[in-house]
Amino acid sequence: MSTLTPVLTDTWDAEQGWKLETYAARGGYSSLDVAFAMSPDDVITAVKDSGLRGRGGAGFPTGMKWSFIPQDNPKPKYLVVNADESEPGTCKDIPLMMGNPHVLVEGVIVSSYAIRANKAFIYIRGEVVHVIRRVQAAVAEAYAAGHLGKDIHGSGYDLDVVVHAGAGAYICGEETALLEGLEGRRGQPRLRPPFPAVAGLYASPTVINNVESIASVPAIVSNGAAWFASMGTEKSKGHGIFSLSGHVQRPGQYEAPLGITLRELLDLAGGVREGHQLKFWTPGGSSTPLLTAEHLDVPLDFEGVGGVGSMLGTRALQVFDETVCVVRAVLRWTEFYKHESCGKCTPCREGTWWLVQALTRLEHGQGSEDDLDQLLDQCDNILGRSFCALGDGATSPISSSIQHFRDEYLAHLSHGGCPFDPARSTAWAGQEVSA
Amino acid sequence: MTEKTVEKDEQSRGKAVEKTDLVTLTIDGVEVSVPKDTLVIRAAEQIGVQVPRFCDHPLLAPVGACRQCLVDIPDAGNGRGFPKPQASCTLPVAEGMVVNTQVTSPVADKAQQGVMELLLINHPLDCPVCDKGGECPLQNQAMSNGRGESRFSDERNRGVKRTFPKPINLSPMVLLDRERCIVCQRCTRFADEIAGDPFIALVERGAQQQIGIAEDAPFLSYFSGNVIQICPVGALTSEQYRFRSRPFDLVSTPGVAEHDACGSAIRIDHRRGKVVRRQAGDDPAVNEEWITDKDRFAFAYAQADDRLTYPQVRDEDGFLRPASWPEAFVVAARGLAAAKAAGGVGVLTGGRLTVEDAYAYSKFARVALGTNDIDFRSRPLSAEETAFLASHVVLTGPADPVNRAVTYDDLESAAKVVLVGLEPEDEAGAVFLRLRKSVLAGGTEVVAVAPYTTRGLEKLSARLVPTAPGDEAAALAGLAGELGADTVLLVGERLATVPGALSTAASVAAASGARLAWVPRRAGDRGAIEAGCLPNLLPGGRPVADAGARVDVATAWGTASLPEAEGRDADAIVAALVAGELGGLVVAGIDPDDTADPAATRAAIDAAGFVVSFELRRSEVTDVADVVFPVAPTSEKSGTFVNWEGRVRSWEAALHQPSSLPELRALSGIAEELARLGQGAPLGFRTVAEVRAEMGQLGPWDGERTAAAPAVAGPVARDAGAFALSTWKLMLDNGTMQDGDKYLKATARTPVALVTPDVYDAHGPTVTITGDRGSVTLPAEIADDLVEGVVWVPASSVGNGVLADLASPGSHVTITGAEGVHG
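As given, the protein sequences belong to chains V and Z, one line each in that order.
The opening residue of the first sequence carries number 1 in my numbering; numbering runs sequentially from there.
The opening residue of the second sequence carries number 1 in my numbering; numbering runs sequentially from there.
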């Protein structure tokens, strides 16, 4: 059985672990001198060799992304950290930035050095003001300690970091919409090509990486690519933060090698809510197709989850027990997508509007089995037809839930409404409530 | 002349289809070769497949927003296909690519039907009352590429559509019905990419996403009407046309815009003898698919209540009374014969004439009146300009290999375009848009010899050569070093009154190899030159002073001889009338307030022993004329304008009003009566077709052009404490051809005086400017880079205009604060 491998989460339990003092005492910022002793290309090679794949959900090899930056382009290069964590269920970057902001800052420095950027941006979701403040404070501490600014550690390398607060739009987690937002425009995805590596922020070569990807870099540089690659599975190397939420005994972030299974994680988390059984779960946030108890032993790596028709995504394991009405849960998610659809393209804008109405009717027990097929056909007309992945994500919970729980949908129709008592799924279910 | 230039036109169009790198791909099983970088959606058009589309527009950057044009790509040219349908409006072709559209691919067909169904779920079913119904891309493509029945709003589902309160005003003219909008972003992209007026933008998100304006910034753009035309649904409408008609009740006739010298193609939509709407025509060589709001919305003037519909003659009791056409011909002929005997008759034709009418005036002056006293310029002019027009402007055309006349396409390919005495956004909208396109594409630098960076120049990222009015010649000479064969020099008609400016332009162009073009303001200006409405030119650019040219024309016209001496220009005609040296005046479409000296022009008309006036509507000239002939507006006659390029732009009458005759018909009637009185000869034509044939027969002059006049630049002296008056007409102002549409008027820019920061600080927010003709009080605004010692005012936006109320352009004025006016 896999055990936990705390790397990024290592200092979370330390007294004031977010302070530079604490971080430095545990060897923080030591990867800078290692990196500066290497050529930038060697840093890229090390990250490539480590097998690190993007932790924001898509799993694109990080080192390869960096090597796409055309170094003969005379324009400045930029590193942009995508910290716009907004996916329902996903909660790894925000606790990471709260618990250990310096590992991100350190990663930003090493990564910027590798791609030869002298300016980096951390784009943080606007609603999490406490996190923004904490990262700002960490950046300020890093400047004061000489880890940022001019001639860092006497290496001759300069780097400035800007912490940017988003304005509360899920779409800005899409990397090109994020760039639009960062440039002060309306956050809507851009046409590709050109890809950000060629013409990204301010039409300059830009690397956009997830918080966790960048934060993983210092340890790779310090401990070597082989150390990182020793963890995980053949094509999904290294450690990752698994966020368990919902009906589990001890929800939270569990940092473990990729390839761990939900069964193992549930053991670590004390199992499903007392007296209940697992009904369904998301492997990587609401945009990844639902899985059920039959998938408890699927290795949680990119290939394993992909093999059962879902996606590893952001390893946001939302656990739902048998008290939860899947129709209700899916409708709530769909309402989220409708609210967050940016409006740029027709399928997502109009499709989410319609999906909510169709699901609402089904939840109220109106309609017939034909409506399920129509719902699936609606999803088919959205999936792969939208401008970006938001529309695709909106269809995932619907199609997968119909696939796994068609009978439950039908039960709504025969029951004339939802057969579940929503109170039973609450955290306070069964408790006396005094007036 | 006409035929030759038409031929040139076709050549220049052919030139556009150059051989480029071709890419071969297969669409629906048909192999097709298209130029590299062609988008799949347009490659499909080459084999006759129309992929449905909304956001796509050939003149706007691809956006891929509506997703209606999805096609299946089983092979992207690299042996691998796309797993999902692709938007054909954003995908460039690749060698060996295989594309299956809705015609052959069930996947593409289903994807398109799915998107169409989604587009319609929030779109109201108000087609029966929607202005777009009948010419609506959404309606049409829903029929061709959509499902017959919606699954959203059937009995079982009863989906709830999103609604908005309606409509909202984006500007005084443009209205938005948000629930109809499919947010394809054509309008916002036009405003941003083409016009440079990004005052409309997307706001809100998801299904609530809509087009909006900022609270304090309505969509005030000279080009706003284009967004209505390119809107693929009925979301954008104009106050002018909204609820006025259905497309299927309209008859559409192609026409040419009469408001500037751009020659923009338009489409006149009319119903039961009335014009109800005008749209941009599609002419890639000229205006592409865009026109100004003035060209689009200003047509009500021709249907105004004061429109003249019958001839009038002045009775012995001094009052004008209706007369029959034959009677008016006789009265006019008798009066003109007498005036001829009393010293002669001058002819002022104005800048609004068609070439055919201008030719008739030109011939009438020479043959019937025996004079070269004819001038089309109803605005400040100079002898230098007269010579310049004969030596550098007349006879140049788009593909003239000798003179290499500048075209719109040349504006796009030039490395540098220098503007002197020309504010293209106000004075030549299509030129402005083409320049902006060229600047945005990164190829062209615009340099402006102007007193300050106007909003239009800002949108062209122009480099300002700060120049006070009057100093243009020196500024041009200073630029000589940076001009070359890849430079285009555009000079405006305002330079006429700057001594030495036009001749300096000609000489620096000749010395550097830069190409020179003269851009007048009025639609008929250039054609009048070609037709010989100048004291020194006969039709076809023949110099009056050239005996061979005179013989040429006299032979063609079958007359023994033509007057030999060059005639009087407009200023001299006015002076001669006042002095009693001329006995009569034939005057067409002139507002005295536009002329160099309005008071003198009025005095001349009063002093003239006999005045024959040709006018569309009652005016102060018709009120004092002895015979008044009504004339047909451009929509009611066939005609031709020659635009600033020298391109011939002909059209046929859209409306046929029996009482509405072109001027050439009336002039021929008068000439026949004059011939009966033993004066001159008949003109030999009565119809537009006959004039066109005669002009074609005569052809252009192939002899020597008159030599350029030597430069006569002189130093500009300025009184201490005085300001040089800079002025030009805004696109939308008090011009009479904008009468009749209050919504259009409301979109005009607020008239302000532009002053330097110092002057503003000294005199406050309201200033009174005083010149030798009077005073004007206006709100003042600061123009940051306005040349010291200069004040700018709009020429015709307040009162009777600058020339009548203030002073002539370039002359000295004083500025005082006007606290008394606004407290």
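In short, the hints are calculated from the structure, not lab data.
Glycine included, C-beta positions come from ideal geometry on N, C-alpha and C.
Accuracy of the hints is not assured; some may be wrong.
[As the list claims (entries may be wrong)] Dumping the calculated DSBU-like pairs for lysine-lysine here, alpha-carbon to alpha-carbon at most 30 angstroms:
1. K338/V / K110/Z
2. K745/Z / K161/Z
3. K150/V / K235/V
4. K75/V / K150/V
5. K75/V / K48/V
6. K161/Z / K338/V
7. K110/Z / K161/Z
8. K166/Z / K338/V
9. K75/V / K437/Z
10. K75/V / K459/Z
11. K36/Z / K437/Z
12. K416/Z / K437/Z
13. K119/V / K48/V
14. K235/V / K437/Z
15. K274/Z / K75/V
16. K235/V / K338/V
17. K84/Z / K338/V
18. K745/Z / K75/V
[To be verified] According to the in silico footprint, chain Z covers these stretches of chain V (three or more CB under 8 angstroms from chain Z):
19. 313-322
20. 331-340
[To be verified] Simulated DEER-style distance windows between Cβ atoms:
21. T163/Z / F195/V: 56 to 64 angstroms
22. P757/Z / F60/V: 50 to 58 angstroms
23. D297/V / L440/Z: 53 to 61 angstroms
24. K742/Z / F68/V: 40 to 48 angstroms
25. L22/Z / H364/V: 42 to 50 angstroms
26. D297/V / E204/Z: 44 to 52 angstroms
Now for the hints, and whether the structure bears them out:
1. For the suggested pair K338/V and K110/Z, the alpha carbons sit about 23 angstroms apart, so the restraint of at most 30 angstroms is met.
2. At most 30 angstroms may separate the alpha-carbon atoms for a hinted pair to count; K745/Z and K161/Z exceed this at roughly 37 angstroms.
3. Proximity of K150/V to K235/V is assessed by CA-CA distance (about 38 angstroms); at most 30 angstroms being required, the pair is judged violated.
4. Restraint check for K75/V and K150/V: the C-alpha separation of about 20 angstroms stays at or below 30 angstroms, so the hint holds.
5. For the proposed pair K75/V and K48/V, the alpha carbon gap of about 24 angstroms is at most 30 angstroms, so the pair holds.
6. In summary, the hint linking K161/Z to K338/V is supported, as the alpha carbons are separated by about 14 angstroms, within the 30 angstroms threshold.
7. With a C-alpha separation of about 23 angstroms, the suggested pair K110/Z and K161/Z falls inside the 30 angstroms cut-off, and the hint holds.
8. Pair hint K166/Z plus K338/V holds up; C-alpha atoms about 23 angstroms apart against a cutoff of 30 angstroms.
9. Between the alpha carbons of K75/V and K437/Z the distance comes to roughly 25 angstroms, so the proposed pair stays at or under 30 angstroms and holds.
10. For a cut-off of 30 angstroms, the pair hint linking K75/V to K459/Z stands: about 25 angstroms separates their Cα positions.
11. For the hint linking K36/Z to K437/Z, the alpha-carbon distance of about 21 angstroms falls within 30 angstroms, and the restraint holds.
12. Distance restraint check for K416/Z and K437/Z: the Cα-Cα separation of roughly 13 angstroms lies within the 30 angstroms cut-off, and the hinted pair is therefore satisfied.
13. Proposed proximity of K119/V and K48/V is supported: the alpha carbons are some 22 angstroms apart, at most 30 angstroms.
14. Pair hint K235/V plus K437/Z does not hold up; C-alpha atoms about 50 angstroms apart against a cutoff of 30 angstroms.
15. A C-alpha spacing of about 58 angstroms is found between K274/Z and K75/V, which places the hinted pair above 30 angstroms, so the restraint is violated.
16. This hinted pair does not check out: K235/V and K338/V have alpha carbons roughly 35 angstroms apart, beyond 30 angstroms.
17. Of the pairs offered as hints, the one joining K84/Z and K338/V holds, with about 23 angstroms between alpha carbons and a cut-off of 30 angstroms not exceeded.
18. Proposed proximity of K745/Z and K75/V is contradicted: the alpha carbons are some 47 angstroms apart, above 30 angstroms.
19. A stretch counts as covered by a chain when three or more of its residues have a beta carbon under 8 angstroms from one of that chain; for the stretch 313-322 of chain V and chain Z the count is 0, and the coverage is violated.
20. With a threshold of 8 angstroms between beta carbons, the proposed coverage of the stretch 331-340 of chain V by chain Z holds, since 3 of its residues qualify and at least three are required.
21. Distance hint check for T163/Z and F195/V: the Cβ-Cβ separation is about 39 angstroms, which falls outside the suggested range of 56 to 64 angstroms.
22. For P757/Z paired with F60/V, a C-beta distance near 55 angstroms keeps the hint of 50 to 58 angstroms intact.
23. At roughly 58 angstroms, the beta carbons of D297/V and L440/Z sit within the given window of 53 to 61 angstroms.
24. Against the hinted window of 40 to 48 angstroms, the Cβ-Cβ separation of K742/Z and F68/V comes to about 58 angstroms, which falls outside the hint.
25. The given range of 42 to 50 angstroms is broken by L22/Z and H364/V, whose C-beta atoms sit roughly 59 angstroms from each other.
26. Hint check: D297/V to E204/Z, Cβ distance near 46 angstroms, so the stated range 44 to 52 angstroms holds.
Hint violations for this structure: numbers 2, 3, 14, 15, 16, 18, 19, 21, 24, 25, all remaining hints satisfied.
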